[in-house]
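Colleague: Given the coordinates of chain D, assemble chain H onto it according to the supplied hints.
Respectively, the protein sequence lines represent chains D and H. Positions 0 to 95 (numbering that gives the first Met the number 0) are the ones given, in order, by the first sequence. Positions 0 to 95 (numbering that gives the first Met the number 0) are the ones given, in order, by the second sequence.
There could be a bad hint or two in this list.
Have a look at the derived ranges for each label pair, beta carbon to beta carbon [said to hold, decoys possible]:
(1) H:30 / D:43: 19 to 27 Å
(2) D:23 / H:93: 16 to 24 Å
(3) H:68 / D:72: 45 to 53 Å
(4) D:76 / H:92: 44 to 52 Å
(5) H:13 / D:36: 16 to 24 Å
(6) H:59 / D:71: 21 to 29 Å
(7) D:62 / H:30: 32 to 40 Å
(8) H:93 / D:82: 16 to 24 Å
(9) D:92 / H:83: 16 to 24 Å
(10) H:30 / D:23: 34 to 42 Å
Think of the hints as simulated: they come from the structure by calculation, not from any bench. Using N, Cα and C, we set each Cβ at its ideal position, and we do this for glycine too.
The residues making up each chain are set out below.
2 protein chains.
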Amino acid sequence: MILETAVFTIHAGQAEQFLEAFARGRKFIEQSKGCHRLELRRGIEEPDTFVLVVWWQTLEDHTVTFKQSSNFTDWRAVVGHFFARPPVVHHYLEEA
Amino acid sequence: MILETAVFTIHAGQAEQFLEAFARGRKFIEQSKGCHRLELRRGIEEPDTFVLVVWWQTLEDHTVTFKQSSNFTDWRAVVGHFFARPPVVHHYLEEA
Chain D
0 MILETAVFTI HAGQAEQFLE AFARGRKFIE QSKGCHRLEL RRGIEEPDTF
50 VLVVWWQTLE DHTVTFKQSS NFTDWRAVVG HFFARPPVVH HYLEEA
Chain H
0 MILETAVFTI HAGQAEQFLE AFARGRKFIE QSKGCHRLEL RRGIEEPDTF
50 VLVVWWQTLE DHTVTFKQSS NFTDWRAVVG HFFARPPVVH HYLEEA
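If we strip away everything but chain D, and leave its shape as in the complex, we get (with noise of 0.2 Å):
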């Protein structure tokens, strides 16, 4: 299982209403081929910033099945808005 570190960085006073549509939106990739669980949480050091972490089994499920599927389309029409730039995302490699 690879483990994948998005950091959001949400705009201004729109933390509450960006976790209402996590929310929402979270299905999108819990349902997602090889996605085996998630956790998203606020920043302590920076309050509009969040990290989700997601267990996928393999990296393609993740860049690939993900990506290419009417999921990544979904989750992004629901959360995308509150991003104020892109999300820095990284794969780490199996539990060492």
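Modeller: Okay, now just chain H, sitting in the frame of chain D:
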């Protein structure tokens, strides 16, 4: 429970040695008060980076109790010389 993410950039070519050192040093974090669990994973896009994700009971368990303890000194003595630059550390609130 809060989340810590720490991104380590390791001197080029030392990833295997770092992993061996980490295996010896992880107990200093794991045995610290309030540490629930941790994951260390190597970067896919940037193989000289690693992310350490730690689930702590409280922020202070990391920033005060651990940082002021001999566990922190012992941890850094084992792994610190592998770091090509200071770790990039963020903390995140309870899961949304």
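Colleague: Look at each hint and say if it fits the structure.
Modeller: Each hint tested on the structure:
1. For residue 30 of chain H and residue 43 of chain D, the hinted distance range of 19 to 27 Å is satisfied, since their beta carbons lie about 24 Å from each other.
2. Against the hinted window of 16 to 24 Å, the Cβ-Cβ separation of residue 23 of chain D and residue 93 of chain H comes to about 20 Å, which satisfies the hint.
3. The beta-carbon spacing between residue 68 of chain H and residue 72 of chain D, approximately 48 Å, falls within the hinted interval of 45 to 53 Å.
4. Checked against the hint of 44 to 52 Å, the pair residue 76 of chain D and residue 92 of chain H fails, with Cβ atoms roughly 26 Å apart.
5. A beta carbon spacing of about 32 Å between residue 13 of chain H and residue 36 of chain D contradicts the range 16 to 24 Å that was offered as a hint.
6. Residue 59 of chain H and residue 71 of chain D have their C-beta atoms about 38 Å apart, which leaves the hinted 21 to 29 Å range violated.
7. The given range of 32 to 40 Å is respected by residue 62 of chain D and residue 30 of chain H, whose C-beta atoms sit roughly 37 Å from each other.
8. A C-beta distance of roughly 22 Å is found between residue 93 of chain H and residue 82 of chain D, which places it inside the suggested range of 16 to 24 Å.
9. Take residue 92 of chain D and residue 83 of chain H: their Cβ atoms lie about 19 Å apart, and the range 16 to 24 Å holds.
10. Between residue 30 of chain H and residue 23 of chain D the Cβ separation comes to about 41 Å, which falls inside the hinted range of 34 to 42 Å.
The structure fails hints 4, 5, 6 (numbered hints given earlier, in ascending order).
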